[in-house]
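Chains as they are written, first to last, in our numbering: chain A, 43 to 296; chain B, 326 to 1093.
Everything labelled a hint here was simulated from the structure, so no lab data went into it. It should be emphasised that the depicted structure is a prediction, and the values quoted were computed from it without experimental measurement. For every residue, glycine included, the Cβ atom is placed at its ideal position computed from N, Cα and C. Incorrect hints may appear among the rest.
[To be verified] Below are the DMTMM-like pairs computed for lysine to aspartate or glutamate, each with C-alpha atoms no more than 25 Å apart in a straight line: (1) B:K655 - A:D284; (2) B:K655 - A:D227; (3) A:K114 - B:D789; (4) B:K678 - A:D226; (5) B:K678 - A:D129; (6) A:K78 - B:D884; (7) B:K678 - A:D195; (8) A:K114 - A:D125; (9) B:K677 - A:D226; (10) B:K484 - B:D1023; (11) B:K678 - A:D227; (12) A:K107 - B:E703; (13) B:K678 - A:D224; (14) B:K677 - A:D284; (15) A:K114 - B:E694; (16) B:K796 - A:D76; (17) B:K677 - A:D227; (18) A:K184 - B:D884; (19) A:K107 - B:E701; (20) B:K618 - B:D576; (21) B:K796 - A:D129; (22) B:K484 - B:E551; (23) B:K677 - A:D129; (24) B:K677 - A:D195; (25) B:K677 - A:D224; (26) B:K655 - A:D226; (27) A:K107 - B:E694; (28) A:K114 - B:D884.
[As the list claims (entries may be wrong)] What follows is a set of in silico ranges between Cβ atoms, one per label pair, in the way DEER data are often shown: (29) A:N92 - B:P700: 33 to 43 Å; (30) A:L115 - B:Q718: 33 to 43 Å; (31) A:E183 - B:R864: 51 to 61 Å; (32) B:E893 - A:G88: 36 to 46 Å.
[To be verified] Covered stretches of chain B (chain A as the covering partner; in silico rule of three or more C-beta atoms under 8 Å from a C-beta of chain A): (33) 670 to 677; (34) 703 to 709; (35) 878 to 884.
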Amino acid sequence: MTCSRRTFLKGLLTASMAATPLVRPSIARAFGEDSKLEILTLQYPGEQWNGRLDALRRLSWEMMKRTSIEMKLSHGSVTPAEDRMFDSPLVYMWGNEAFAPWPEEWHFRLQRHLTYGGTLIIDSDGSRGSGFDQSVRREMEKILPAGSFKRLDPNHTLYKSFYLLSEQGGRIAHTPYIEGIDIDDRSAVLYTQNDLGGAWARDAMGNWLYDITPGGERQREMAFRMGVNMLMYATCVNYKSDQVHIPFILKRRR
Amino acid sequence: MNLPQLLGMQGDFNEWSVVFRGLPQGLWAWLLWIGLAVVLWAAWRNLDRIPGRRQRVALYLLRIAGALLLVMMVLQPAIELRKVLWRKTHVAVLVDDSRSMSLKTGGDISRSAAVQAWFEDHADQFAALSEKYFVDVFSFSETVAKTSLQSIEKGMDAKGRETGMYRALSEMAGRYPPEDLSGIMVVGDGCDTMGFPEGGRRDECPLPTGCDTPIFTFAPYGGGTEADLAITAVRYDDFAFVHNTMSIEVDLRLQGMKAQTLRLSLSREGMPVTAQTVKLEPGKPRTVSLSFKPTKVGRSLYEVSVPVLAGESVKRNNSRMFIVKVIRDKVRVLHVAGRPDWDERFMRRFLKKNPNVDLISFFILRNLEDMFWVPEQELSLIQFPTDELFNTQLHSFDLVIFQNFTYRGFQMEHYLRNIARFVREGGAFMMIGGDFSFNGGNFSLTEIEDVLPVRLAPVGNPFDGEAFSPKLTDAGQKHPILRLDRDREKNLGLWAALPQLQGINTGLLLRDDALLLAQHPSLTEPGTGRPAPLVALRRVQKGRSLIVAADSSWKWNFDQVRRGGGPEFYNRFYSNAIRWLIKDPDLELLQVIPGRDSYRPGEVVTLSIRALDDDFLPAQNTPVTVEWQDASGRVDSSVLRTDEDGAASLTFPAPQVPGPLTIKASGDMGGDTRQTASALVLVDEGGVEFSRVAVCGDKLQDLARHSGGAAYSLTDSVNVQELPLLAVRARRIADREDVPLWDAWWVLVAAAALFGVEWWWRKRRRLP
Chain A
43 MTCSRRTFLK GLLTASMAAT PLVRPSIARA FGEDSKLEIL TLQYPGEQWN GRLDALRRLS
103 WEMMKRTSIE MKLSHGSVTP AEDRMFDSPL VYMWGNEAFA PWPEEWHFRL QRHLTYGGTL
163 IIDSDGSRGS GFDQSVRREM EKILPAGSFK RLDPNHTLYK SFYLLSEQGG RIAHTPYIEG
223 IDIDDRSAVL YTQNDLGGAW ARDAMGNWLY DITPGGERQR EMAFRMGVNM LMYATCVNYK
283 SDQVHIPFIL KRRR
Chain B
326 MNLPQLLGMQ GDFNEWSVVF RGLPQGLWAW LLWIGLAVVL WAAWRNLDRI PGRRQRVALY
386 LLRIAGALLL VMMVLQPAIE LRKVLWRKTH VAVLVDDSRS MSLKTGGDIS RSAAVQAWFE
446 DHADQFAALS EKYFVDVFSF SETVAKTSLQ SIEKGMDAKG RETGMYRALS EMAGRYPPED
506 LSGIMVVGDG CDTMGFPEGG RRDECPLPTG CDTPIFTFAP YGGGTEADLA ITAVRYDDFA
566 FVHNTMSIEV DLRLQGMKAQ TLRLSLSREG MPVTAQTVKL EPGKPRTVSL SFKPTKVGRS
626 LYEVSVPVLA GESVKRNNSR MFIVKVIRDK VRVLHVAGRP DWDERFMRRF LKKNPNVDLI
686 SFFILRNLED MFWVPEQELS LIQFPTDELF NTQLHSFDLV IFQNFTYRGF QMEHYLRNIA
746 RFVREGGAFM MIGGDFSFNG GNFSLTEIED VLPVRLAPVG NPFDGEAFSP KLTDAGQKHP
806 ILRLDRDREK NLGLWAALPQ LQGINTGLLL RDDALLLAQH PSLTEPGTGR PAPLVALRRV
866 QKGRSLIVAA DSSWKWNFDQ VRRGGGPEFY NRFYSNAIRW LIKDPDLELL QVIPGRDSYR
926 PGEVVTLSIR ALDDDFLPAQ NTPVTVEWQD ASGRVDSSVL RTDEDGAASL TFPAPQVPGP
986 LTIKASGDMG GDTRQTASAL VLVDEGGVEF SRVAVCGDKL QDLARHSGGA AYSLTDSVNV
1046 QELPLLAVRA RRIADREDVP LWDAWWVLVA AAALFGVEWW WRKRRRLP
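Looking at chain A on its own, in the form it has when it is part of the complex (with noise of 0.2 Å):
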């Protein structure tokens, strides 16, 4: 297949006005850095809830460099317990080893955030054993008991919120999909097991923390993608489930 140079422009092109604008206010302010988008990391009882606190703030620089979002780079990090847990409707939540349970008033207050519109992001190490994810499936059925994990399907909205993604990308592969808890039309809870936060996260140098496996960097490269979609389905939901988007990304699919 050629390619020439008129038709690459035009694809640049094209690709550009793709809900671009051609000319922006060069700097993205909104209404200060308090009202720029938070990801609240949860604290639960032990030491390994903040494994990955470096992983959010390069998420969110990718997610500035990449999309029209405005990213906090600094986020904090609430307990249930806590009224600043409202204060985001995104929550993340790291960790590898089992936890003991949380109190009753934990999952009252997590299950009304994520039943008014909050999101939860749970990431794991899922090489590591099945202590976490015992205990997060544990949490999760005194939260939204209604509710239960189940695997997202390939044409989840997840996976065309920005990327259109055929994989899960993680700092490892351990499980080949993303789980899922629907509250209405929309999954409150994501759950991975392939260390997305592992992925994203450099050090102070900028040096990547910790090396990917067994793809490479194109796996890094479409964990920091499956953060993005996370982001982006977190604030526009099934946006890209509306029937006008549909045509499109069916052609582009094909």
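Add chain B to chain A, keeping to what the hints say.
Relative to the frame of chain A, chain B by itself:
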């Protein structure tokens, strides 16, 4: 001496008969006769032991005689004396004086003139008929009126708006007892337009009078050769949904001319809507369906029409007007968000989950500075369809929302004019704040600024990021948009308790014709010192606009959850805002509601007025001026005063001029502006009267056939004296009296004597 005299009765009784007043009916009659038979049988069997046949028969007769007397007491026999009179019966002559009788049929004179001439020619025959019968003459159209042969002979004024032939026949049935009516003569074209009165038609006898009275019909000529193209009927739904396809069916009829190919047109208030080319064959009615999408909410006057052809006998049946109430099935909302954010997220979810909203939303997911090379096939992004949204499809929306969106970068400067025009022509526009909104979106000096409730003043920083609690203005405390609770104090408390907003757009100057509902508690407009607007609205010619100069109203939704609440206040605020923007009638301060869509000329038009003050409470004792203008331009008016419910009503006769009747009401409900409201009704003279110009000979023949009469043309040689009418004389019982035979004392004595004789006989003869 006859029987009444023998019985000593006074009066001119000339008939008598024996009647049984106590004769039981149905099952009781059967029981009586069976019981009587059993008694007779038992009485005979009981005499078996009596020696001697003659003795048995004698005793049996005594018993039978006694029993019969007792039965007589039960049956209450009487002699009915009657005074019977015989008199002349009636012949009803019904003459059509509807407007269709003004048509010329097969000659140079009108149908009514032909009828007049026929009555003149047959005056002697009617005079002779009047000696045998009472000849009662009526004219009929939409009503029935008594008239006379002399009046008919002088000429008729064919002005009736409709032809109620079956109703006139029905009225005859109510006017005369069946035995008094020997026949009905119907003189007219037979083209009934009003149908049968309720319950008047039966399958076995389709005549409202019943089929016992012969009907003789006389049609003005028998032709059907009048040249005419007519819209004979239009079928449509009274209401339709805006932007949804609506169909109407139009019945067309061509007669008296060769086949035609013509254009059937539909217009709304004078503007073409759709048209269809139709081929019509003479004498073959055709139904044509027209489909269109109403684009305007409210009551609209539509008109279907066909061209007037040369030589047509009637031109007014070439068009037909009707009113359709166009309502929303759903509010069509275009939501354009400048970037994904929580404010946009909760707004989209609110709109998406609202069953009354049909949502098209676009989020700008990527900016120019975000650009890096990724193959298009790996992205789900689509091109922002500016031309389709803001040009070709713009008017299919009811509401356009710009939420933290700037037009810059989309080469859509020239579309801003379209949006402004969309608003002025009746659309709704809402701008929700953010760093890309108002000054941040460079909307200053654009056509969008022209339709906003605020002007945009240049400022250094187009927003202030400090958290604040909004302050409701006096107008805001009353306005339904900010009404979270009906109780005013409670409402204020709810607003005070809502989570704080994070930042406000600055540099906004409230326009003079805008209404400020909520403001910043401390920030002011640049230069004026007035409070910085947060929520403001404006009526822009036919449309409306509203602003919310913050990008954190989502906290009214999600942060309420933290407090144990839910999104209800957020949802209520934006629901109220949308209802006001799309002009929900319930939020109009002044409303005019016609009793019906259409009225006949001269018929009483009824209007209901509802008025609310600027607190949206019933405006009591408030003068409201109502003006109505007919199709000729004549204006009448009346001043009403509302009652304690803010209501008033008005009745007036519909103008004689057919066509649209425009009604406008205005009143000072409080506040700064005088409120106005309008309504539209149709003055319709009943277009069906001329829908068929040919004589309806088929209907007249049906009438005659079912009733045992005959159908004639006025040109037929008929002697009305020789019509096979029913009996000349009617028998009527003028007086009636009973002479009872059973309640005399001797009946009981006789019965007792008979049973006593039998007892005595048996005792004396020592019989068992």
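query = When the hints from earlier in the document are held up against this structure, which numbers fail?
reply = No numbers; nothing is violated.
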